[in-house]
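**Q** Sequence:
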Amino acid sequence: SAARQLFLDFDFSVLEKYDVVYLSGISMAILPHAVRLALVEWLNGSAIELIFDSNFRPRLWESRQHSQEIISALWMRADIALPSIDDEMDLFSETADQVSTRFSSSAKAGALKRGEQGPLSLGSEVFHDYYSAPNVVDTTAAGDSFNGGYLGALFSGKTQAEALIVGHNLARAVVQYRGAIIPE
11 SAARQLFLDF DFSVLEKYDV VYLSGISMAI LPHAVRLALV EWLNGSAIEL
61 IFDSNFRPRL WESRQHSQEI ISALWMRADI ALPSIDDEMD LFSETADQVS
111 TRFSSSAKAG ALKRGEQGPL SLGSEVFHDY YSAPNVVDTT AAGDSFNGGY
161 LGALFSGKTQ AEALIVGHNL ARAVVQYRGA IIPE
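Read in my numbering, the sequence shown has 125 at position 115, and its numbers run on one by one without any break.
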């Protein structure tokens, strides 16, 4: 794919024209490990705002060690962190409480996605009761739906609390339909 070829020359200058870059564990997993390491190093030296979602898919990574190394480095660099509690528990063999504690104490901003429990605000204290979907059919796109709603609201000037609700409600709606497509 084109994505696999994009940075093979270790030239990340194409990213310099952007204010914000969104990366996921999937987009990192498909790159050769040397390119991943170079990209992390380049990001650490740049002023670009980084949004990161681990979106951990074990089959895409050549080793658990490499996935942990890269994903940990990107969490430290992320300006907006969008981890999924299930992915983090799987990747780092942690309990839900350990994941929550780790991100609550280290993330600059973002949301820890916890499924029907609703998101945990990262970087600022926001408490809200979230409603679960009445009829869950397909959770495949729940995290991406949350991310889209949350980021769209945040970049439209909504508060963290409002963005969390928008993201959760979009994911809540999407999981009620197969294939992540809500009928008109």
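The hints are simulated quantities; they were obtained by calculation from the structure and are not laboratory data. We put the beta carbon where it would ideally sit given N, CA and C, even for glycine. One should not assume that every hint holds.
[Claimed, not checked] Just the calculated beta-carbon pair ranges, DEER-fashion:
# : residue 1 : residue 2 : range
1 : D89       : E172      : 29 to 39 angstroms
2 : E51       : D148      : 32 to 42 angstroms
3 : E51       : F137      : 20 to 30 angstroms
4 : G162      : Q127      : 18 to 28 angstroms
5 : K27       : E126      : 17 to 27 angstroms
6 : S116      : G158      : 20 to 30 angstroms
7 : T169      : D21       : 32 to 42 angstroms
8 : H76       : D21       : 18 to 28 angstroms
9 : E51       : G189      : 34 to 44 angstroms
**Q** Evaluate each hint against the coordinates.
**A** Hint check results:
1. A hinted range of 29 to 39 angstroms is violated for the C-beta pair D89 and E172, which are about 19 angstroms apart.
2. Evaluation of the 32 to 42 angstroms hint for E51 and D148 yields a pass: the beta carbon distance comes to about 38 angstroms.
3. Between E51 and F137 the Cβ separation comes to about 38 angstroms, which falls outside the hinted range of 20 to 30 angstroms.
4. One distance hint, 18 to 28 angstroms for the beta-carbon pair G162 and Q127, holds here, with the actual separation near 22 angstroms.
5. Hint check: K27 to E126, Cβ distance near 39 angstroms, so the stated range 17 to 27 angstroms is violated.
6. For the pair S116 and G158, the supplied restraint of 20 to 30 angstroms holds, since their beta-carbon distance comes to about 24 angstroms.
7. For T169 and D21, the hinted distance range of 32 to 42 angstroms is satisfied, since their beta carbons lie about 38 angstroms from each other.
8. Between H76 and D21, the C-beta spacing of about 22 angstroms keeps the proposed range 18 to 28 angstroms intact.
9. The hint said 34 to 44 angstroms for the Cβ distance between E51 and G189, and at roughly 38 angstroms that hint holds.
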